[in-house]
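A.B. asks: Sequence:
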Amino acid sequence: MGEQALQQKVEQLHSLLGNIQRDYSPAVFASSFGAEDMVLTDLIARHYPGIGIFTLDTGRLPEETYDLMQKVKEHYGVSVHAYFPDASAVERYVAQHGPNGFYDSVALRKRCCYIRKVEPLKRALADKKAWITGMRRDQSTTREELELSAYDSDHGLHKFNPLCDWTEKDVWNYIRQHDVPYNALHDRFYPSIGCAPCTRAITPGEDIRSGRWWWENPESRECGLHTRKIEA
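When you read off a place in the sequence shown, starting at 1, and then add 14, the result is the number in the numbering used here.
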C-alpha cells in the first residue's frame, strides 16, 4: 500500500512538472542538493529538460555538497547554474563583523543569509515565470502552511512546492528505488544541510530542521529565501 501511494505521488509530480514546463517557461528549480532536491533533480534531469536547475553557492558550503554537485553533473549530464554572492558585499560584512559574525545575533545571521543567498536568488529568478523548490510541510514549524503553488509577490512570479505533502519516508523511498545520488552528510545524521558553519548533525527525536541555526529559536530559523517579507 505504501509503495502504491508513493507511485501515485510520483505520477502527480510528473503531471505538475509537465504543466510547469509547458505553461510557465522559462521555469527554474532551486536546488540546495538536499534529499528532497535530489528527488526533483532526478525527475527534472531525466524527463523535463525545459526546466532549468540552479543552486546558490554561498562560499561556505560543506565539501560533501560540492562532491554531490560534481556527481550530479557526471550522473545526469546536466549543467546546474551556480549563483555566487557579490564579492564586495561579502568583503564588507567580514570586515565589519568577522567571518563568523552571524553567531552574534539573529539580525547579523539574517544579513549574512541575505548577502550569500537572498540577493543571488533575486538574480537567479530575474525574467523567470516560475520557480520550484523542494520544501515539505513537515520539515519545520515555519513551513506548516506551505502551499503546493502560490504567486510569489516578492519576486513577481509563480512558486511551486511539488513535494509539500511528501513525508521524509516518501523522499528516501524514492531515492532508494531509483538509485538517486545524495549528500553523504545524510548518512551522518544531517537531515537538513545548508552552509557548513550553520549546520550540525541532530540526535534521534529532534526536529529535522533543528540542525540549522541551532543557537536560535525555532520560529526564526529561515534564511529569507522562503518568507513573504524579505529583509534588505
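It is worth saying that the hints were derived from the structure and are not from the lab.
Check the hints yourself; a few may be wrong.
To be verified - As a list, the in silico BS3-like pairs of lysine-lysine whose alpha-carbon atoms are at most 27 Å apart:
#1 K136 x K183
#2 K23 x K143
#3 K23 x K131
#4 K23 x K183
#5 K131 x K143
#6 K143 x K183
#7 K131 x K85
#8 K142 x K87
#9 K85 x K183
#10 K131 x K142
#11 K136 x K87
Claimed, not checked - The following label-pair restraints were derived from C-beta to C-beta distances:
#12 P40 x R214: 32 to 38 Å
#13 K85 x N33: 28 to 34 Å
#14 G170 x H192: 33 to 39 Å
#15 A121 x D37: 35 to 41 Å
#16 Y80 x I222: 36 to 42 Å
#17 L30 x D141: 19 to 25 Å
#18 E220 x A121: 21 to 27 Å
#19 P218 x D166: 34 to 40 Å
#20 S119 x Q21: 45 to 51 Å
#21 A121 x Q84: 44 to 50 Å
#22 A109 x E220: 32 to 38 Å
#23 Q84 x R36: 28 to 34 Å
#24 S119 x V92: 35 to 41 Å
Ideal placement from N, C-alpha and C gives every residue a C-beta, glycine not left out.
A.B. asks: Go through the numbered hints given earlier and state which of them the structure violates, listing their numbers in rising order.
C.D. replies: 1, 3, 6, 16 and 21
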